[in-house]
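2 protein chains.
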Amino acid sequence: MDLKSVVNLVKTFDGVTRKKEIKNVVNNFKFNAEECDYDFEIISDFGDDAAIIGYDDENAILLAADGIWGKLLEKNPYWAGYCSVLVNANDIAAMGGKSIGMTNIIGIKNLEMGKDLLKGLKDGVKKFGIPVVGGHTHPDAQCNVLDVSITGTVRKDSVLRSDSAKAGDKIVFAYDIDGKAHDDFSLNWDTTSMKSKRLVRSQLKSLVDIGENKLANACKDISNPGALGTLGMLLEVSRKGAVVNVDKIPKSDDIPMSQWLNIYPGSAFVFTTSENNVNALKKTLEDVNITAEVCGEVKADKKYYITNDKNDKELLYDFEKEYICGC
Amino acid sequence: MDLKSVVNLVKTFDGVTRKKEIKNVVNNFKFNAEECDYDFEIISDFGDDAAIIGYDDENAILLAADGIWGKLLEKNPYWAGYCSVLVNANDIAAMGGKSIGMTNIIGIKNLEMGKDLLKGLKDGVKKFGIPVVGGHTHPDAQCNVLDVSITGTVRKDSVLRSDSAKAGDKIVFAYDIDGKAHDDFSLNWDTTSMKSKRLVRSQLKSLVDIGENKLANACKDISNPGALGTLGMLLEVSRKGAVVNVDKIPKSDDIPMSQWLNIYPGSAFVFTTSENNVNALKKTLEDVNITAEVCGEVKADKKYYITNDKNDKELLYDFEKEYICGC
Chain A
1 MDLKSVVNLV
11 KTFDGVTRKK
21 EIKNVVNNFK
31 FNAEECDYDF
41 EIISDFGDDA
51 AIIGYDDENA
61 ILLAADGIWG
71 KLLEKNPYWA
81 GYCSVLVNAN
91 DIAAMGGKSI
101 GMTNIIGIKN
111 LEMGKDLLKG
121 LKDGVKKFGI
131 PVVGGHTHPD
141 AQCNVLDVSI
151 TGTVRKDSVL
161 RSDSAKAGDK
171 IVFAYDIDGK
181 AHDDFSLNWD
191 TTSMKSKRLV
201 RSQLKSLVDI
211 GENKLANACK
221 DISNPGALGT
231 LGMLLEVSRK
241 GAVVNVDKIP
251 KSDDIPMSQW
261 LNIYPGSAFV
271 FTTSENNVNA
281 LKKTLEDVNI
291 TAEVCGEVKA
301 DKKYYITNDK
311 NDKELLYDFE
321 KEYICGC
Chain B
1001 MDLKSVVNLV
1011 KTFDGVTRKK
1021 EIKNVVNNFK
1031 FNAEECDYDF
1041 EIISDFGDDA
1051 AIIGYDDENA
1061 ILLAADGIWG
1071 KLLEKNPYWA
1081 GYCSVLVNAN
1091 DIAAMGGKSI
1101 GMTNIIGIKN
1111 LEMGKDLLKG
1121 LKDGVKKFGI
1131 PVVGGHTHPD
1141 AQCNVLDVSI
1151 TGTVRKDSVL
1161 RSDSAKAGDK
1171 IVFAYDIDGK
1181 AHDDFSLNWD
1191 TTSMKSKRLV
1201 RSQLKSLVDI
1211 GENKLANACK
1221 DISNPGALGT
1231 LGMLLEVSRK
1241 GAVVNVDKIP
1251 KSDDIPMSQW
1261 LNIYPGSAFV
1271 FTTSENNVNA
1281 LKKTLEDVNI
1291 TAEVCGEVKA
1301 DKKYYITNDK
1311 NDKELLYDFE
1321 KEYICGC
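Same order as they appear, the protein sequences are chains A and B. In this text, residue positions in the first sequence follow the working numbering: the first is 1, and each later residue adds one. In this text, residue positions in the second sequence follow the working numbering: the first is 1001, and each later residue adds one.
The hints are simulated quantities; they were obtained by calculation from the structure and are not laboratory data. One or more hints might be untrue.
Said to hold, decoys possible - The list that follows gives simulated cross-link-like pairs (lysine to aspartate or glutamate, EDC-like), each with its CA atoms no further than 16 Å apart: (1) A:30 / B:1123; (2) B:1127 / A:56; (3) A:126 / B:1309; (4) A:197 / B:1037; (5) A:98 / B:1123; (6) B:1071 / A:140; (7) A:205 / B:1039; (8) A:98 / B:1293; (9) B:1098 / A:56; (10) B:1205 / A:312; (11) A:109 / B:1034; (12) B:1127 / A:37; (13) B:1197 / A:35; (14) B:1205 / A:39.
All values reported here derive from a predicted model rather than from experimental measurement.
I would like the entire structure built from these sequences, with the hints used as guidance.
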């Protein structure tokens, strides 16, 4: 796939363009902690996979939430229920954290759909080992809605943030490429439904180890915006640029590049790390079936370029002039 | 208002009858902590104002979530945004906890409504002093949705639960009666929009003090199910009955009983406590403008009776045969 087409693919992808809304919302939530006699410390709020709130001297609490897309919910409520657990589990893991529990708000127009949704949630809870401990169900809702929030925890000295990439870091894309596109959703790369609970949970736990062993400077869970969009968000908040060879991104042979770049994977992350940590980082991930490859480097300027094995080069984003989420 | 009418009012009230759905949902979320290598301790999940998860030797994390009713959102998006903070703040306070932070999922069909909603949320954050730290906004949603979740914390030895009422406890209803019915929603008793941030936050803080000073055995925030419905849920999960004089419930003179009993108040709680703690409990509340009165007593059997100043008596619930939430 030529690089101009890749640029177009990413920049017109709904999974990326919808992130522009974040800026409008975030400005409403400026919080004056001193004025509020607030007992905790907001270390980081919007802009990362989860918010980080200092809890005591050593630990922070992580908060994240996701609204499961209406079309997904209506087309396959079971899978929506299952994925609601998956996406939240990954939001906490991407911070190097451990999940404490979830709450959810469910609105359903009919009971059959509700039963499938609950079955999917239940299977997700069993697979990922994270409890749902509260929430509400509206069985006669006007609209089908599944909103899930998750709370986790992480040691302050081990948290994996996405705004902390350093110039000169190696960029490592890491995917479990052992999976299949979901029958109903071609942009959904299922890697967990066929795997054991033990392996899936080990994958999440590996991020805790990466954080505690200081094997990465920045990390982000690859999600809706796809590989390059997710990295773009990480670079934007880190105020950095990059050069990335798209041909080096771990990929399933079954999926064409045009689909792979925007796919939402069951277990995938992008890291930046110093060169001397690359081998240990890769090994930690490969031990849990996640294929990790160095694909590029973080740059001090704010230009995000993509290249390929033929040495073509295209500018994907100039963060001096453009933004993805504006955080 | 005669007691037979009160019984009918409560038992047909949508705020109470919709709680029956909880039972169906809860059964899907049984969690086997040992099998899941779960690092925390689920002390209590569904059935209380917030879930309690043991975090370390001394502390527990509290999780709660609320979906703001669609009609409220559409009629007055500003007020819905404001109330989404209020209800979550009270869920944590009712556990004797301190709030850490909120996330929310917003779906809006039009931008004007979105602006009002965000303004209400922002004013709620300022009033209650609790930050919104994450979430998502869908600006082109099919449906108007506002789902908010909150995380808090409490010392394990100070948590106020609702399933811990003891036979012989005095039942204390506590309301800030200094307020007004909302112009748009007659079942909404606004006590906070006109008050200082300092007083409103002191009201929430008083519950922390009540927990830490062991001034109550059980507590529940009075919310959707109204005064008697809320007490009913507390008795049900405590596996107790009661005799309650409805004429003793603190009430605004401006509001008829038929409206007051089902009203959703800005700051109100029902407690059960031993007789020797009644005065200290009342004083703690009255110091923050909350009027507290002993209205009845918890009984060992599972019959929940209401009485009045004329000594009439009616059975409201027989929990051997009926349930409100089935938890």
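Each hint tested on the structure:
As the CA atoms of residue 30 (chain A) and residue 1123 (chain B) are separated by approximately 11 Å, the hinted pair is consistent with the 16 Å bound. With a C-alpha separation of about 25 Å, the suggested pairing of residue 1127 (chain B) with residue 56 (chain A) is violated against the 16 Å cut-off. For the hint linking residue 126 (chain A) to residue 1309 (chain B), the alpha-carbon distance of about 53 Å lies beyond 16 Å, and the restraint is violated. The straight-line distance between the Cα atoms of residue 197 (chain A) and residue 1037 (chain B) is roughly 11 Å, inside the 16 Å bound, and the hint therefore holds.
About 32 Å separates the Cα atoms of residue 98 (chain A) and residue 1123 (chain B), which puts this hinted pair outside 16 Å; it is violated. A threshold of 16 Å between alpha carbons decides the hint, and for residue 1071 (chain B) with residue 140 (chain A) the separation of about 13 Å falls inside it, so the pair holds. With a CA separation close to 12 Å, the supplied pair residue 205 (chain A) and residue 1039 (chain B) stays within the 16 Å bound. The hinted pair formed by residue 98 (chain A) and residue 1293 (chain B) fails the criterion: a straight-line CA distance of about 44 Å is larger than 16 Å.
Only pairs whose Cα atoms come within 16 Å are accepted, and residue 1098 (chain B) paired with residue 56 (chain A) is accepted, the gap being roughly 14 Å. At roughly 62 Å between alpha-carbon atoms, residue 1205 (chain B) and residue 312 (chain A) are farther apart than 16 Å, so this suggested pair is violated. Distance hint between residue 109 (chain A) and residue 1034 (chain B) is unfulfilled; the C-alpha atoms sit about 35 Å from each other, more than 16 Å. About 12 Å separates the Cα atoms of residue 1127 (chain B) and residue 37 (chain A), which keeps this hinted pair within 16 Å; it holds.
In summary, the hint linking residue 1197 (chain B) to residue 35 (chain A) is supported, as the alpha carbons are separated by about 10 Å, within the 16 Å threshold. With a C-alpha separation of about 12 Å, the suggested pairing of residue 1205 (chain B) with residue 39 (chain A) holds against the 16 Å cut-off.
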